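Each chain, written out:
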Amino acid sequence: MDIELMQRVYPFFLQAAWVTIQLSVLTALLGLTCGALGAAMRLSRLAVFRFLGAAYVSVFRGTPALIQLFILYFGGPQVGIQLDAFEAGVIGLGVNVGAYMTETIRGAIISIPKGQREAARTLGLSRWQAFYNAILPQAARLMVRPLGVNLNMLIKSTALVAAISVVELTYTAQRYIGSTYKPFEMFLLAGILYMIIIYATGRAVAWLDRRVQIN
Amino acid sequence: MTDTEHFVEIKHAQKSFGKLEVLKDISLNVARGQIVAIIGPSGSGKSTLLRAINDLDALTGGEIWLDGVQVNKNLPYRQYEKHINQMRQDIGMVFQHFNLFPHMTARDNVTMAPKLLKGLSKADADKLAEEQLDKVGMLERIDYYPSQLSGGQKQRVAIARALAMKPKLMLFDEATSALDPELVDEVNQVMKKLAEEHMTMIIVTHEMDFAASVCDRVLFMDKGVVVEEGPPSVVFKNPTKERTREFLRKHLAGAK
Numbered sequence: 001m002d003i004e005l006m007q008r009v010y011p012f013f014l015q016a017a018w019v020t021i022q023l024s025v026l027t028a029l030l031g032l033t034c035g036a037l038g039a040a041m042r043l044s045r046l047a048v049f050r051f052l053g054a055a056y057v058s059v060f061r062g063t064p065a066l067i068q069l070f071i072l073y074f075g076g077p078q079v080g081i082q083l084d085a086f087e088a089g090v091i092g093l094g095v096n097v098g099a100y101m102t103e104t105i106r107g108a109i110i111s112i113p114k115g116q117r118e119a120a121r122t123l124g125l126s127r128w129q130a131f132y133n134a135i136l137p138q139a140a141r142l143m144v145r146p147l148g149v150n151l152n153m154l155i156k157s158t159a160l161v162a163a164i165s166v167v168e169l170t171y172t173a174q175r176y177i178g179s180t181y182k183p184f185e186m187f188l189l190a191g192i193l194y195m196i197i198i199y200a201t202g203r204a205v206a207w208l209d210r211r212v213q214i215n
Numbered sequence: 001m002t003d004t005e006h007f008v009e010i011k012h013a014q015k016s017f018g019k020l021e022v023l024k025d026i027s028l029n030v031a032r033g034q035i036v037a038i039i040g041p042s043g044s045g046k047s048t049l050l051r052a053i054n055d056l057d058a059l060t061g062g063e064i065w066l067d068g069v070q071v072n073k074n075l076p077y078r079q080y081e082k083h084i085n086q087m088r089q090d091i092g093m094v095f096q097h098f099n100l101f102p103h104m105t106a107r108d109n110v111t112m113a114p115k116l117l118k119g120l121s122k123a124d125a126d127k128l129a130e131e132q133l134d135k136v137g138m139l140e141r142i143d144y145y146p147s148q149l150s151g152g153q154k155q156r157v158a159i160a161r162a163l164a165m166k167p168k169l170m171l172f173d174e175a176t177s178a179l180d181p182e183l184v185d186e187v188n189q190v191m192k193k194l195a196e197e198h199m200t201m202i203i204v205t206h207e208m209d210f211a212a213s214v215c216d217r218v219l220f221m222d223k224g225v226v227v228e229e230g231p232p233s234v235v236f237k238n239p240t241k242e243r244t245r246e247f248l249r250k251h252l253a254g255a256k
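Chains as they are written, first to last, in the UniProt record's numbering: chain F, 1 to 215; chain Z, 1 to 256.
Since the hints were made in silico from the structure, they are not lab data. Note that the structure is predicted; figures quoted are calculated from it, not measured. C-beta atoms are modelled at their ideal positions from N, C-alpha and C, and glycine is treated no differently. It is possible that part of the hints are untrue.
[Claimed, not checked] Here are the computed distance ranges between Cβ atoms for each label pair: (1) F:ALA140 x Z:VAL69: 28 to 38 Å; (2) F:ARG211 x Z:GLY119: 28 to 38 Å; (3) Z:HIS206 x F:GLY202: 42 to 52 Å; (4) F:ALA200 x Z:ARG78: 40 to 50 Å; (5) F:VAL25 x Z:VAL69: 52 to 62 Å; (6) Z:LYS19 x F:SER44: 20 to 30 Å; (7) F:ARG145 x Z:GLN14: 38 to 48 Å; (8) F:ARG145 x Z:HIS206: 33 to 43 Å; (9) F:ARG145 x Z:ARG78: 32 to 42 Å; (10) Z:ASP143 x F:TRP128: 19 to 29 Å; (11) F:ILE196 x Z:LYS127: 47 to 57 Å.
[As the list claims (entries may be wrong)] With the C-beta cut set under 7 Å, the calculated list includes, among others, these residues of chain Z facing chain F: (12) LEU56; (13) ASN99; (14) PHE101; (15) PRO102; (16) HIS103; (17) LEU116.
Using the sequences and the hints, build the whole thing.
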């Protein structure tokens, strides 16, 4: 194993890891937004919204994320959507992970016993007041762990945007293989950096989960 | 406007789930300050009737009136929501499984609705919480979470929560059925206290002794109809209907 080479390219991989982190953060924020909207639609009292929410989930969970990215990035210009690779990566992955988060958020909300909603409504609270004050604070605590799982998957799936040439970790590894012919070292280095990012995120999620539990 | 004889009025209440008719043309008047117990076997429709009074279970036919205002008015969705939220502020409800908010202390359970709906200041809300929790003997546990309380204590906090809205009517849906036998009495004592203060109450219960001791009137329901109603001395001691006798016989045998 060529440790010296790894040390030499390491700063460039760090830069690439920073791009991966940026991608992950932005994708997670967009994913959470889409997930909250998707869950709101799936739980709406209006059938139209319920249908739209369900359609969103089945389309984006029912096709490969890579195909979704390709359609957006390569197919987009044909229908007038011009995005650079990074933008396409964030939007493509964000909307994709949002479909998974929709189900996570919805699952947490519907797992709160219906007596909670009834108790709140009986006191005179509106639908929204009951949701916001009684249901959501309980559901949010249940969401932390499974959203952490979504986040873990999301970080790994940022590797897909190498295919549309965003210069993140996986793309950088591939590029250095082209010039060094050392795939083992290059992919190992990328793998180690992914692991550090994911481990740190996992710890953060676990910490948050402990913090929000009801004593 | 206030008609004390017809404080709560149920007119021809009817409810079906598909083909299953769970309430069949039930009418009932409750006078202000009266305490009515509803007894009957499971599936008799007694809980459904109670839950129809504050529209948790909407009727398919008939009317519910409280203090001169129709509860289940026929209004467009948004207007109806406003109306029912207003009505429900006057109708306290206590559930079999307490349904306390587990993420809030006893204090916050009691003050959440008054703060949101009546705009109480923090100081006023605290005073209200202390007052209401004191009334149910739970002042010492004001900053406890529900998970730190026994079943009986939870139910007393739940009663305080309902009372904090200063309701005109209290509904009890098998409030002691989920409690260990030794915890039933502390909840019954609180309900007795309310009775002494002339709170209007409708109580669905399996506790025949309790019903006999506090209620002005007892309704025996079976299969969606009121089979028999009258003062407890008559319904419990000298029921006129065979079905009532049979139910009481079975129930009392089961309770031993």
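Restraint satisfaction for PHE101 (chain Z) [CB to CB of chain F, less than 7 Å]: 6 Å, holds
Given a hint of 28 to 38 Å, does the C-beta separation of ALA140 (chain F) and VAL69 (chain Z) actually sit inside it? 37 Å, holds
May I ask you to test the hint 40 to 50 Å on the CB atoms belonging to ALA200 (chain F) and ARG78 (chain Z)? 48 Å, holds
Can you tell me whether the CB distance of ASP143 (chain Z) to TRP128 (chain F) sits inside 19 to 29 Å? 28 Å, holds
Does the beta carbon distance between HIS206 (chain Z) and GLY202 (chain F) stay inside 42 to 52 Å, or does it fall outside? 50 Å, holds
VAL25 (chain F) versus VAL69 (chain Z) beta-carbon gap, inside 52 to 62 Å or not: 54 Å, holds
Holds or violated: the 28 to 38 Å window for the beta-carbon distance between ARG211 (chain F) and GLY119 (chain Z)? 31 Å, holds
At a threshold of 7 Å, is the proposed contact between PRO102 (chain Z) and chain F supported by beta-carbon distances? 6 Å, holds
Range agreement (Cβ of LYS127 (chain Z) with Cβ of ILE196 (chain F), hint 47 to 57 Å): 54 Å, holds
Within 38 to 48 Å or not, the Cβ separation of ARG145 (chain F) and GLN14 (chain Z)? 46 Å, holds
Do LYS19 (chain Z) and SER44 (chain F) keep their Cβ atoms within the hinted range of 20 to 30 Å? Cβ of LYS19 (chain Z) to Cβ of SER44 (chain F): about 29 Å, so the range 20 to 30 Å holds.
Return the status of the interface hint for ASN99 (chain Z): holds when the least beta-carbon distance to chain F is below 7 Å, violated otherwise. 4 Å, holds
Checked against the numbered hints listed earlier, the structure breaks none of them; every hint is satisfied.
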